[in-house]
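Colleague: Sequences and hints are given; from them, build the entire structure.
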Amino acid sequence: MTVSGLGYAAAVALAAIFAIAAVAKLRDISATERDFVGLGLPRASFFARFVPLAELSIVALLLIVPPAGALAALVSLAFFTTFLIGRLRAGVRAPCACFGSSRARPISARDVIRNLLLMALALVCLATDRPTAITLLDALAVVVVIAVAGGALHLAGRVRSQ
1 MTVSGLGYAA AVALAAIFAI AAVAKLRDIS ATERDFVGLG LPRASFFARF VPLAELSIVA
61 LLLIVPPAGA LAALVSLAFF TTFLIGRLRA GVRAPCACFG SSRARPISAR DVIRNLLLMA
121 LALVCLATDR PTAITLLDAL AVVVVIAVAG GALHLAGRVR SQ
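Using full-length UniProt numbering, you'd call the opening residue of the sequence shown number 1 and step up by one each time.
Don't read these hints as lab results, they were simulated from the structure. Every residue, glycine too, gets a C-beta built ideally from N, C-alpha and C. Certain hints may be false.
Simulated DEER-style distance windows between Cβ atoms [claimed, not checked]:
id, residue 1, residue 2, range
1, 42, 135, 43 to 49 Å
2, 3, 53, 30 to 36 Å
3, 27, 130, 31 to 37 Å
4, 144, 79, 24 to 30 Å
Modeller: Encoded structure:
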């Protein structure tokens with residue numbers, strides 16, 4: 001396992017997450033726009049189209065120039081997280097639309113925590129300066145961390161909803 005390999009494995013994983021989010025939004029732009037309106041996002045029609053294209057740009061950067069992609073991911077996640085915190089503080093209970101309109105669950109602290117974990121993953125991406133060969137151990141380490149974090153978030157949500 002190398003630091004650079006671990007960083008690039010994190011970049012590939014983060015690129016996959018951003019790609020899933022972008023494609024989910026693009027599959028039904030009108031539903032994404034509706035969810036953005038529900039969140040109180042100004043110019044929802046514009047952002048329903050802009051956000052997924054920006055996310056796809058981040059995917060390309062993460063795969064081609066990982067440090068630039070990591071910085072772009074950090075900036076966008078910081079914006080998304082700040083927006084979510086503001087919506088939560090305002091009492092908004094609309095769906096997140098983070099992964100398109102596929103989830104009807106209202107925004108919650110889980111979404112903020114997920115974004116903070118994704119920001120940590122973006123920081124790991126900074127450990128590489130270019131695409132590099134990923135060893136099985138590099139990939140396994142990233143997958144295990146993501147699985148444990150995702151499982152913990154899922155369990156926390158189940159416990160909180162009971």
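Colleague: Each of the hints needs a verdict: does it hold here or not?
Modeller: Against the structure, the hints come out as follows:
no., hint, result
1, 42 x 135: 43 to 49 Å, "holds (46 Å)"
2, 3 x 53: 30 to 36 Å, "holds (32 Å)"
3, 27 x 130: 31 to 37 Å, "holds (32 Å)"
4, 144 x 79: 24 to 30 Å, "holds (29 Å)"
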